[in-house]
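So the protein sequences, as listed, match chains F and L. FYI, the numbering for the first sequence is 1 to 361, going by the numbering used here. FYI, the numbering for the second sequence is 1 to 361, going by the numbering used here.
Hints were generated in silico from the structure; no laboratory data involved. There could be a bad hint or two in this list.
As the list claims (entries may be wrong) - Here are some of the chain F residues that sit facing chain L, going by a computed Cβ distance under 7 Å:
1. 5
2. 28
3. 35
4. 36
5. 39
6. 76
7. 77
8. 80
9. 110
10. 195
11. 200
12. 240
A quick note: this is a predicted structure, and the numbers were derived from the prediction, not measured. Beta carbons: idealized from backbone N, C-alpha and C, even for Gly.
2 protein chains.
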Amino acid sequence: MTENRVYNFAPGPSILPEEVLQRARDEMMNYRSCGMSVMEMSHRSKMFMDIFSSTKESFRSMLRIPDTHEILFLQGGATLQFAGIPMNLLRGGTADYAVTGNFSGKAAKEAEKYGKVNLACDTGATGHDRIPAQSELKLSSDARYFYYCANNTIYGSEWHYIPETNSTLVCDMSSDILSQPVDVSRYGLIYAGAQKNMAPAGLTVVIVDKSLAGHAMPFTPEVMDYSVLIKHDSMLNTPPCWCIYMLGLTLDWLKTQGGVEGMEEIKRERARRVYAVLDDSSFYRPHVLPGSRSDMNITFRTPSEELDAAFVKEAAANGLVNVKGHRITGGLRTSLYNAMPMEGADALVKFMKEFEVRHHV
Amino acid sequence: MTENRVYNFAPGPSILPEEVLQRARDEMMNYRSCGMSVMEMSHRSKMFMDIFSSTKESFRSMLRIPDTHEILFLQGGATLQFAGIPMNLLRGGTADYAVTGNFSGKAAKEAEKYGKVNLACDTGATGHDRIPAQSELKLSSDARYFYYCANNTIYGSEWHYIPETNSTLVCDMSSDILSQPVDVSRYGLIYAGAQKNMAPAGLTVVIVDKSLAGHAMPFTPEVMDYSVLIKHDSMLNTPPCWCIYMLGLTLDWLKTQGGVEGMEEIKRERARRVYAVLDDSSFYRPHVLPGSRSDMNITFRTPSEELDAAFVKEAAANGLVNVKGHRITGGLRTSLYNAMPMEGADALVKFMKEFEVRHHV
Numbered sequence: 001m002t003e004n005r006v007y008n009f010a011p012g013p014s015i016l017p018e019e020v021l022q023r024a025r026d027e028m029m030n031y032r033s034c035g036m037s038v039m040e041m042s043h044r045s046k047m048f049m050d051i052f053s054s055t056k057e058s059f060r061s062m063l064r065i066p067d068t069h070e071i072l073f074l075q076g077g078a079t080l081q082f083a084g085i086p087m088n089l090l091r092g093g094t095a096d097y098a099v100t101g102n103f104s105g106k107a108a109k110e111a112e113k114y115g116k117v118n119l120a121c122d123t124g125a126t127g128h129d130r131i132p133a134q135s136e137l138k139l140s141s142d143a144r145y146f147y148y149c150a151n152n153t154i155y156g157s158e159w160h161y162i163p164e165t166n167s168t169l170v171c172d173m174s175s176d177i178l179s180q181p182v183d184v185s186r187y188g189l190i191y192a193g194a195q196k197n198m199a200p201a202g203l204t205v206v207i208v209d210k211s212l213a214g215h216a217m218p219f220t221p222e223v224m225d226y227s228v229l230i231k232h233d234s235m236l237n238t239p240p241c242w243c244i245y246m247l248g249l250t251l252d253w254l255k256t257q258g259g260v261e262g263m264e265e266i267k268r269e270r271a272r273r274v275y276a277v278l279d280d281s282s283f284y285r286p287h288v289l290p291g292s293r294s295d296m297n298i299t300f301r302t303p304s305e306e307l308d309a310a311f312v313k314e315a316a317a318n319g320l321v322n323v324k325g326h327r328i329t330g331g332l333r334t335s336l337y338n339a340m341p342m343e344g345a346d347a348l349v350k351f352m353k354e355f356e357v358r359h360h361v
Numbered sequence: 001m002t003e004n005r006v007y008n009f010a011p012g013p014s015i016l017p018e019e020v021l022q023r024a025r026d027e028m029m030n031y032r033s034c035g036m037s038v039m040e041m042s043h044r045s046k047m048f049m050d051i052f053s054s055t056k057e058s059f060r061s062m063l064r065i066p067d068t069h070e071i072l073f074l075q076g077g078a079t080l081q082f083a084g085i086p087m088n089l090l091r092g093g094t095a096d097y098a099v100t101g102n103f104s105g106k107a108a109k110e111a112e113k114y115g116k117v118n119l120a121c122d123t124g125a126t127g128h129d130r131i132p133a134q135s136e137l138k139l140s141s142d143a144r145y146f147y148y149c150a151n152n153t154i155y156g157s158e159w160h161y162i163p164e165t166n167s168t169l170v171c172d173m174s175s176d177i178l179s180q181p182v183d184v185s186r187y188g189l190i191y192a193g194a195q196k197n198m199a200p201a202g203l204t205v206v207i208v209d210k211s212l213a214g215h216a217m218p219f220t221p222e223v224m225d226y227s228v229l230i231k232h233d234s235m236l237n238t239p240p241c242w243c244i245y246m247l248g249l250t251l252d253w254l255k256t257q258g259g260v261e262g263m264e265e266i267k268r269e270r271a272r273r274v275y276a277v278l279d280d281s282s283f284y285r286p287h288v289l290p291g292s293r294s295d296m297n298i299t300f301r302t303p304s305e306e307l308d309a310a311f312v313k314e315a316a317a318n319g320l321v322n323v324k325g326h327r328i329t330g331g332l333r334t335s336l337y338n339a340m341p342m343e344g345a346d347a348l349v350k351f352m353k354e355f356e357v358r359h360h361v
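Could you build all of it, start to finish, from the sequences and the hints given here?
Here is the structure:
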């Protein structure tokens with residue numbers, strides 16, 4: 001890192017590529033000689049429409065999104081989609097929800113307002129320490145869709161397979177989107193908050209099979225109705241322009257990393273190095289079982305809460321910040337999103353080893 | 001303007017104070033030596049919470065918002081509030097809507113999904129060229145609230161009085177908030193999209209009397225329920241952090257302009273200079289009747305559509321950009337938001353006079 005920056009392991013909002021921030025800074029006052037900042041552009045101006053279109057095209061190309069699916073750039077976060085998805089897709093019927101963490105649990109609870117929810121699984125009894133096997137999923141016969149969260153930011157678990165279901169697949173990819181290729185054609189809807197792997201908080205990307213739109217419940221706000229949003233190409237009202245611009249810069253940067261294919265290799269190696277420390281140690285205890293572990297969020301503990309606190313403090317003194325676990329789980333968590341350089345993971349590994357030597361009894 | 005910037009008369013997203021952009025640029029890579037950008041901060045970190053709290057406090061102090069009212073920093077734009085307001089306040093009853101332009105019309109239409117809407121007025125028959133007098137408002141006896149839009153961005157009209165009503169006052173102040181003092185205690189709810197006088201697009205500020213919350217319709221998304229949002233201090237989920245930070249910078253800048261009291265003097269004089277050209281001319285025709293004119297958006301025409309188009313083109317060549325009228329109205333529109341320096345208005349006035357001389361027949 002240059003410019004006296006730290007390695008930021010926050011779970012989101014989180015680290016952005018330094019090159020992206022530098023470009024945003026350099027273009028801040030006067031974007032490409034147009035005399036104004038991107039933040040000042042009318043969303044319907046040619047200048048901004050060019051940014052919008054090229055970002056969308058770049059996103060489509062990066063994830064090889066088929067023409068059957070539309071890409072929407074929305075506001076409101078994943079939390080608004082917890083309601084938006086059932087409002088649009090449930091049609092008063094039943095949906096299967098796989099609860100493997102905090103946010104899938106919240107999504108299931110919100111969906112109950114709009115129809116019947118069947119819990120296809122709930123890993124809460126063992127502290128969400130794993131992703132269930134396909135055979136463990138209890139599917140209902142008449143589900144409109146099957147909902148899951150691909151990566152559980154708080155618990156540090158990640159689905160390493162796409163579930164086979166008898167209904168439309170809906171997936172919250174907020175914390176692992178753009179970290180690997182995805183077969184989008186298998187999904188009815190994928191969505192993600194931007195603030196982990198894509199852009200600053202304030203943008204939610206929804207990838208939706210267009211054939212699913214047009215069945216929103218009558219009380220659905222117009223700006224949450226996918227058919228309206230598709231028709232207006234995300235511009236029924238003013239979109240979060242700055243975040244869309246930042247996503248475009250991130251996609252440009254991602255191309256220099258080999259796209260999602262290149263990023264998959266990087267993120268696997270980056271996470272492998274940290275998990276290796278955990279597995280080679282009797283001092284650190286990882287939270288999630290092998291086979292269910294996230295490449296994005298690594299959760300673990302030292303032998304005591306006092307040492308956990310010392311770890312957070314000493315890490316920060318070494319320029320490794322935001323490694324405290326979520327308040328629900330306690331312990332430690334290091335988030336290794338796309339923008340985390342390998343040097344950041346190596347600095348963390350070095351610190352973890354030294355900390356263990358210093359504090360092991 | 002320095003840095004080869006233009007005078008941007010766009011209706012929103014729109015011009016931001018140059019000093020605000022410069023500060024954002026200078027703090028971009030490393031905010032106050034914390035080693036990261038504001039865009040990378042966890043919304044629950046102490047660093048960001050300080051930004052959040054001081055912005056909120058500054059906003060409260062600037063508009064002298066009483067403790068009876070909560071300030072919410074939300075996403076989704078005014079359009080999401082078109083649904084959110086009736087979902088929270090209508091309780092299945094009736095609301096009075098004053099339709100004086102495009103957005104109040106859209107708000108009234110959206111509210112019909114949630115209860116009964118009475119049109120207290122509709123100025124559409126005369127092209128929304130004026131604001132009705134108090135005596136013209138048709139109020140229903142049992143309204144839950146009276147809704148109006150303080151400033152009509154597209155048509156260029158503005159309410160210069162607060163309506164007297166027998167129900168809770170609700171006002172969309174998207175395009176004139178922070179341009180003058182407001183007696184907030186007279187309102188049940190005030191809201192505004194940020195992208196005109198406050199910050200980049202992606203933030204909606206809601207000022208709500210706390211006693212009105214807690215009656216949301218059962219299908220209201222959790223993240224749209226004012227009582228939930230109040231309880232979580234706008235952080236049920238990740239807020240639009242960057243826009244909140246930018247609002248804080250704008251409020252700091254506004255203090256240097258004498259706050260909303262100082263800004264009121266500035267904006268009146270700024271608009272007066274442009275309206276003077278219109279009223280002294282037989283070439284330009286203003287759209288809105290005297291007494292109903294907006295200080296923020298000035299709408300007018302030349303003698304022909306061809307000359308309107310020439311005006312837009314020649315103005316741009318003179319560094320005065322985005323003066324084309326909305327596609328609904330045609331004609332010309334110059335938006336003079338808080339961030340427009342008096343020099344920008346003067347440059348516009350000079351250009352208007354020269355254009356008239358060149359093209360008057």
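Exercise. What are the numbers of the hints that this structure violates, sorted from low to high?
Worked result: Nothing - there is no hint that the structure violates, so all of them hold.
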